[in-house]
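> Sequence:
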Amino acid sequence: VFTIIMSRYHYYCCSIVLFCVLLSVVNCLEWYDSKVLYQIYPKSFADSDGNGIGDLKGIINKAQYLKDLGIGAVWLSPIFQSPMKDNGYDISNYTAIDQVYGTLNDFKELIKKVHDLGIKVLLDLVPNHTSDEHKWFVDSINKKNGKEDYYVWVDPDKMSPAGFLPPNNWVSLLGGSAWTYNENRQQYYLHQFASYQPDLNYHNPKVLEEIKNVMRYWLDIGVDGFRVDAVPFLVEDKELVSEDQIQGCTDVNSYNCFRHDKTKNLKETYNILRELGTVFEENKYKDQPRKLFLEAYTTLNDTIKYYSKHATPFNFNLLLLTRDVNATEVEKLLKDWTDVLPKENRTIWVTGNHDNPRIGTKMGEDMIDAVSMLSFMAPGNTVTYYGEEIGMVDTYMGRNYKSDPRNPERTPMQWNSNTSAGFSNITKTWLPVNPNYWDINQEKEAADKKSHLTIYKSLVELQNDIIEDSNYTTHILAPYVFALK
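Quick note: the sequence shown, position 247, residue 247 per the UniProt record's numbering, numbers continuous.
Hints are supplied without guarantee of correctness; some may be wrong.
Calculated lysine-lysine pairs in the DSSO-like style (CA-CA distance at most 27 Å, straight line) [to be verified]:
no.: 1; residue 1: 262; residue 2: 212
no.: 2; residue 1: 212; residue 2: 144
no.: 3; residue 1: 62; residue 2: 112
no.: 4; residue 1: 332; residue 2: 262
Quick list of simulated restraints, FRET-style, between CB atoms [said to hold, decoys possible]:
no.: 5; residue 1: 329; residue 2: 138; range: 46 to 52 Å
no.: 6; residue 1: 254; residue 2: 133; range: 25 to 31 Å
no.: 7; residue 1: 427; residue 2: 164; range: 46 to 52 Å
no.: 8; residue 1: 446; residue 2: 254; range: 45 to 51 Å
no.: 9; residue 1: 216; residue 2: 320; range: 49 to 55 Å
no.: 10; residue 1: 29; residue 2: 241; range: 18 to 24 Å
no.: 11; residue 1: 61; residue 2: 205; range: 38 to 44 Å
no.: 12; residue 1: 253; residue 2: 138; range: 51 to 57 Å
no.: 13; residue 1: 217; residue 2: 274; range: 50 to 56 Å
no.: 14; residue 1: 355; residue 2: 246; range: 43 to 49 Å
no.: 15; residue 1: 139; residue 2: 85; range: 18 to 24 Å
no.: 16; residue 1: 84; residue 2: 287; range: 31 to 37 Å
no.: 17; residue 1: 329; residue 2: 241; range: 35 to 41 Å
Simulated from the structure, these hints should not be mistaken for lab results. Backbone N, C-alpha and C define an ideal beta-carbon position, used for all residues, glycine too.
Model the full assembly from the supplied sequences, consistent with the hints where possible.
This is how it looks when you write it as structure tokens:
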């Protein structure tokens with residue numbers, strides 16, 4: 001029985017009211033179903049060369065820490081060559097390491113180091129779009145080297161009385177038209193995200209094969225799987241039919257004012273992801289268990305469809321937890337998902353990532369351990385965002401760092417109370433270190449038997465040592481007391 005008091009007024013209780021009956025110490029699940037995944041934002045983990053930016057050698061230097069945490073796999077946010085307009089989610093070369101992180105040899109050393117420690121390595125694959133500086137896009141603009149249809153190109157709506165307008169009303173997730181006109185090609189190209197992130201065209205089978213080749217390249221080097229970014233947006237309606245506007249919502253530039261049945265979760269998208277998974281069945285790679293972990297912010301029913309033999313979608317229900325959450329709401333967040341999840345599928349719970357405020361910021365620092373307990377004890381597996389294990393919170397950003405509203409949750413890892421929290425040996429880091437680092441840091445918490453870190457490591461050990469029964473029951477013992485049995 002697992003009981004948790006979900007109230008910030010009972011913090012000390014939530015750390016100790018934990019009872020588990022260990023029914024089995026045999027864990028026969030594969031690593032991707034049973035081991036904790038740990039997300040590293042490479043720029044912010046550890047700086048080895050004193051330039052204020054985290055790098056691959058910095059991660060290598062902290063490999064023993066990862067082992068001591070007990071995690072089973074590290075997921076690296078994008079380390080590929082990029083102009084860094086979106087911190088690596090705008091890739092200009094899928095098979096090259098960006099020099100800000102180091103070299104290919106550094107990456108090979110990292111793989112060997114963590115593999116020797118029994119830890120798997122996942123890379124962040126971004127198949128929906130590239131940077132507009134990618135050679136494929138440059139060639140596509142110029143209709144060279146067979147790349148003319150690698151992206152979604154379309155003529156302007158010349159019949160419009162207003163002149164050259166986009167072909168339909170599709171809106172990007174960032175607001176405004178999802179189409180940008182290219183003067184050189186004299187056509188519009190599609191971008192569901194920023195204009196510097198043109199969408200690849202999966203109606204062209206050559207594009208799918210290119211991404212499969214990217215996977216093969218990194219699998220040959222030794223990676224064990226991939227986290228796949230923005231999967232609902234891979235395929236759009238081939239006929240470019242406009243989307244219906246939601247009644248009463250008048251802002252034609254707002255993404256939330258449209259029903260996205262032409263640009264999101266198309267059936268072809270599910271087929272493409274299954275096809276990507278077949279790479280793992282090739283003779284070269286089928287010797288080891290591998291997995292695709294999918295990012296899909298979408299409805300529960302659509303998320304369920306992303307499960308396949310080689311793919312598991314992340315579950316973001318726990319991201320909906322708020323400061324004033326009660327036991328009834330916690331039960332609903334769990335049961336909304338587990339009641340519709342086919343029994344053969346496993347849940348991967350996410351409590352934080354590089355796109356969302358940290359737990360201690362959105363819920364209060366005295367709820368950090370409670371959320372950790374919930375994510376570990378709920379049926380399934382969990383993903384930890386770097387720094388959550390020590391209770392890091394968002395950092396206030398001055399005017400020089402406000403270009404991306406997600407920067408507060410991406411600041412440097414707080415290792416100790418030395419210069420720049422031990423992240424770097426210089427004081428000016430790529431994002432500012434949280435000034436609370438003197439109090440919240442890994443070194444201090446490692447020596448404290450009641451710290452967030454100590455509790456976190458105990459939870460990892462508990463999850464690693466037992467296999468839980470998916471046939472669980474929930475109990476609301478009081479408005480802020482929730483139990484799993």
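> Does each hint fit the structure? Answer for all of them.
Cross-check of the supplied hints:
1. 262 / 212: The hint holds at about 25 Å.
2. 212 / 144: holds, 22 Å
3. 62 / 112: holds, 14 Å
4. 332 / 262: violated, 30 Å
5. 329 / 138: 46 to 52 Å: holds, 50 Å
6. 254 / 133: 25 to 31 Å: holds, 29 Å
7. 427 / 164: 46 to 52 Å: With a Cβ separation near 51 Å, residue 427 and residue 164 satisfy 46 to 52 Å, so the hint holds.
8. 446 / 254: 45 to 51 Å: holds, 47 Å
9. 216 / 320: 49 to 55 Å: 37 Å Cβ-Cβ, so the 49 to 55 Å window is violated.
10. 29 / 241: 18 to 24 Å: violated, 43 Å
11. 61 / 205: 38 to 44 Å: Cβ of residue 61 to Cβ of residue 205: about 43 Å, so the range 38 to 44 Å holds.
12. 253 / 138: 51 to 57 Å: The hinted range 51 to 57 Å is violated for residue 253 and residue 138, with Cβ atoms some 29 Å apart.
13. 217 / 274: 50 to 56 Å: The hinted range 50 to 56 Å is violated for residue 217 and residue 274, with Cβ atoms some 21 Å apart.
14. 355 / 246: 43 to 49 Å: violated, 24 Å
15. 139 / 85: 18 to 24 Å: Hint holds: Cβ distance 20 Å, inside 18 to 24 Å.
16. 84 / 287: 31 to 37 Å: holds, 36 Å
17. 329 / 241: 35 to 41 Å: holds, 38 Å
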